[in-house]
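Novice: All chains should be modelled from the sequences, with the hints used to inform the complete structure.
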Amino acid sequence: MKTELQPPLQKIVLLELLVPLALLIFGAYHGVLQVLYRAGVIRATSFLGIEYYQGLTLHGVINAIVLTTFFAVALGQVLVSQELESPISIAGSTLSLVLMLLGAVMAATMIFLGKATVLYTFYPPLKAHPIFYAGLAIFVVGSWIPLYTFIPVYLRWRKSHPGQKTPLAVVGMFTAFIVWQICTLPVAYEVLVMLLPWSLGWTSGINVVLSRTLFWFFGHALVYFWLLPIYVLYYTMLPRLAGGKLFSDFAGRFTFMMFIVLSTPLGLHHQFADPGISSAWKGMQMVLTLMVAIPSLLTAFTIAASLEYGARQNGGTGLFVWWKKLPYFCTDNWLFSYLFCGLAIFLFGGVTGLINASYSMNNVVHNTAWIPAHFHLTVGGPIFLGILGMSLYLITGILKRPVLSPKLAVAIPYLWMGGTFIFSTGLFLGGLRGEPRRTNLGLTYLNPASPSYRPDWWISTHIGAVGGCIMGLAILMYFIVLVRSLVGATSLALERETFSVPLSEPYHNENVPALRNFTPWITAAILLIVVAYAVPITDIVKSNYKGAPGYAPDNPVAIEKAP
Amino acid sequence: MPAQPDNGANPTEKRVLLAAVSFTAASLALIAYATLGLGATVPSCLPNGEIFKHGSVIKHGAGTYEIHFLAKMWGFEPTRVRVPAGSTLDIYITSKDVTHGLQITGTNVNLMAIPKAITSTRVHFAKPGTYAIVCHEYCGAGHQKMNAVIEVSDQVTDIYAEGLPSPGAGRAVVEDKGCTACHSADGTVGVGPSFKALYGQTVELANGASRIVDDAFIRAMIQHPNATPVKGFDPVMPELALSDEEIDQVTEYIKELK
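If you're matching them up, the sequences are chains A and B in order.
Residues 48 to 610 (our numbering) make up the first sequence, in order.
Residues 42 to 299 (our numbering) make up the second sequence, in order.
To be clear, the hints were calculated from the coordinates, so they are not data collected in a lab.
Relax, there's no trap hidden among the hints.
Result set (PhoX-like, lysine-lysine): computed pairs, CA atoms no more than 20 Å apart in a straight line:
no.	chain 1	residue 1	chain 2	residue 2
1	B	Lys-94	A	Lys-593
2	B	Lys-137	A	Lys-593
3	B	Lys-237	B	Lys-296
4	B	Lys-186	B	Lys-137
5	B	Lys-296	B	Lys-218
6	B	Lys-237	B	Lys-272
Have a look at the derived ranges for each label pair, beta carbon to beta carbon:
no.	chain 1	residue 1	chain 2	residue 2	range
7	B	Val-230	A	Asn-494	49 to 57 Å
8	A	Pro-560	B	Pro-52	14 to 22 Å
9	A	Pro-244	B	Gly-209	38 to 46 Å
10	A	Ser-251	B	Asp-131	29 to 37 Å
11	B	Tyr-201	A	Pro-244	41 to 49 Å
Small disclaimer: the values here were computed from a predicted structure and weren't measured.
Every residue gets a Cβ at the ideal spot worked out from N, C-alpha and C, and that includes glycine.
Specialist: Okay, here's the thing in structure tokens:
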């Protein structure tokens, strides 16, 4: 049995998981409200004191930044300390937790006060309160620290385990945090050097093209930072939960190294419709984006092969019949259903991602409802379900409590999957008919009394609303299970001496020395970033794009003079 | 833990890696064909071009037009454009204030409108119909109101646009609000200074300070006429409730009177 998580780290991990889950109540609530506004069920600028775009900002910041980042930190701390059998700096972990909590509270408070209704992409020249930008910066700085608490643990382990392969889970978590360290530097520059002094009134005017480019330099690597911890679960937990082994250790290591190289130099595919960047550089980064299909397809194959191996261990036979032998509805093994449903959703998320990235095809879908349909099948699919399932697993495991209502716990991911499929069908359909994302449609386009009424968007927005409500119901059920397990029947506390995360063994354990050292891959990543971004950013900096004055979201008159 | 043995790769893995690489290469080849062969490309930009301040439509020849869209909180300029079927349009867009977006439903036109920069693309309208335009990037509280329309008709022979500022808008405001009673356009000094050659001049205030007549000064004088009286003129100008748009138009008019 592995050594248990140090008791102080247990408390830190519990806070890192529970605080964002508590915030998720607001984030999920406004997810449901949004589909109602969009379908015209709610025709108002605000509901119960929260304005539509304010709620949309909350939904994005809480669900996509706060929840995902806290989860990555918590999972990293658990897996690194467990697999490298060595304690992690409590001082470092505490500092990271305090900074992240402080930053999240600062940003969330400003959003609740209506001082930062700028959405989670915070595109200038819409201007938010300085405390919002400062909160984001403090949050990101807090999330940098874990990597530097992991490194000494790894170096100690390396010394005492010469010649041994670093455990795959550790390689995966290091990959996530290395990508995070690289990609957050430009957004830190955007927030600290450009936006914060500007919102404090110390500088005037902003280069909007530059700030968008720095944001997306970060913004797409961000999605891989969300995804990589879930890939760690797929490679190191799912095969064992399925009853077998990881089909190929090589595939996992190769995939992680490819993500180090490819995560960042491809952000321009979010800016195909932007001015200020030549189509040659947009095309170059499009090619790099499509290369991500290689590790993704390899992962799809390897995980499917691992599931098949597990099913055959469970007695599965034949070409297709083995599918019946996976623990889809097993209450003792409820975590399987979260990871499995996430994978099923991700198939569609991956395909639509390829469509979005395919250069001129992006013209058809850019900024339409198609885009949120896509990312609710990625961040809202495998990532969100992985976070929900693994958080429940870690919280109850650390507290040594059983999961009460395990049948409900197994049902949640299936209900969520059904909800996201319906929701996304509506938004895909609407997007192809020009329905915009990020818009309070109910006031105008879904309002028969408005001259802008679009009856052709009625069906799509209503399908979206049905799906969104089902997703809301699944989250409500999740909170019932979580709260029951936390507060109910304490006498049922398990007599388990230690808690550790059960990880898979490899079935094929290939030895590929090139994949056993991060340095060449990080070097390649940095070189590729320089090649992909040096010319576009130089062009933008040398241009006349500077000096756009700032605006409050509710007033078409600039709140500062043009410089 | 003992050192893990290398039990070798399964041959399927290599085939899968090959399949993944081939799939990606095929996708890239198709994109290259769509872009280079079929001319389906992403929007381009005009580096360092002069930024237009108003929307407009320009005729280049029979069936070829240019539309300059000005995106602003919360509408497009022009709001409605009618073109003959079979027209080819070069579309340019910039923003007067924050980030906006423009998509023309049913076409491949999808552009971001960014202040201080211009995005452009070309579109051919073969079939008659009504093509809706919505702003697709969050631009503040009125975002959901921001839309426009392009009508393609086989009944018309030339381009027609609504929602453009009329060229004499500033002059109309000046005449409408009675400014001409005190301010001439020909250099004659009346109760107030003449508008002719006023813009850019340095004037002395009654309190001894001096100011350059620029956009901000004109705006301040219209909004609070007697807060900072100018030397040589009695502080008798009435407060007129001019909208921001009207103040801009008057300022443009004064600039034109060189």
